[in-house]
Amino acid sequence: MVVIGYRAPVQIVDAVTSLLDQNTPLEIVVVNSGGGDVLALLAGVGIKVPVIEISRRLFVGAARNVGIAATQAPFVAFLADDCLACPGWAEARIERHLAGDRMVASAIVNSHPRNLIACAAHLIMFMRRLPGLPADRALRYGVSFDRRLFDEYGLFDEELRAGEDTNFLDRLPREPLPVWEPRVQTVHRNETSLVRLFADQYRRGCRRGDYLVASSPKTPFRFFRDTFHDRHNVRKLAKIGLSGRDRTFAMMSLPIVWLALLIKSVGVYAGARDGAKAGKQLQ
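Take any residue in the sequence shown, note its place counting from 1, add 888, and you have its number in our numbering.
It is possible that some hints are incorrect.
Distance windows between CB atoms, simulated [unchecked claim]: (1) E1040 with N911: 26 to 32 Å; (2) A1087 with A1166: 20 to 26 Å; (3) G923 with R1002: 31 to 37 Å.
Lysine to aspartate or glutamate pairs mimicking EDC-like chemistry, simulated, CA-CA at most 16 Å apart [stated by the list, open to error]: (4) K936 with E915; (5) K936 with D925; (6) K936 with D902.
It should be emphasised that the hints constitute simulated quantities derived from the structure, not laboratory data.
All residues carry an ideal CB built from backbone N, CA and C; glycine is no exception.
Full structure from sequences and hints, please.
Next comes the structure, spelled out in structure tokens:
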């Protein structure tokens, strides 16, 4: 299991602890880039796991590759420093891998399910990875891999700022897809500040626009339109993928979702426009 950190955030201690608390022994390595001292953070709470510190910033694909090279377990999963592995996270993955599945995708749950801002953030980013979704509605991300796949198809693209997992999956044969396993649940720490939510969505939009314009012939306006169109899907997916009070609070957060999606769409447009300009200058 590879835990990926950037600038040694304090929260990475909780991420590592959530793996140590699993019901099955795991090979764990932490890859931190951009500075800081994760080893000291972990040692301060009595945790001893291998830590690889790289002073320069690594994009996620590069950090994943460092972790792959530093581990030997037959199955490889990744956990970001702002996430937690729920109980059974590793056990359910390993069970599916041992049954023959080479790739196992996971669901995402909200860190603050009774906070409307966090609910909005969660729906925008993970509406297609809610734990109650059927397999035909779910996006297959948060994937763990049979290590042999990297020998067959290579590693992650280290130059991409985002989308390194999509890029890798696109290089694989279309069948079989990663299996959807909603028992594997990851907690994502969502924003609880409205200003930070809007700023985060704009930044994410810019990165996505830059990625999209390099891989699609669509215009920046089409990317804007496609992103904002997700407002029509949020309510439907939340009703299917959530239940009880989680669904109630998600429904209450929809006005925030729509405004944040508009801001994200503007970021997508800006990132695609700037990426297109940069591409023309290189020609």
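* Asked: Falls inside 26 to 32 Å, the C-beta gap from E1040 to N911?
  -> holds, 30 Å
* Asked: Taking 16 Å as the top limit, are the C-alpha atoms of K936 and E915 close enough?
  -> holds, 12 Å
* Evaluate the given range 31 to 37 Å for the C-beta pair formed by G923 and R1002. => holds, 35 Å
* Asked: Between K936 and D925, is the straight-line Cα distance small enough, at 16 Å or below?
  -> The given pair, whose Cα atoms are some 13 Å apart, holds under the 16 Å limit.
* Is it true that A1087 and A1166 lie within 20 to 26 Å of each other by Cβ? -> holds, 23 Å
* Asked: If you draw a straight line from the CA of K936 to the CA of D902, is it 16 Å or shorter?
  -> Cα-Cα ~14 Å, so holds.
Hint violations for this structure: none, all hints satisfied.
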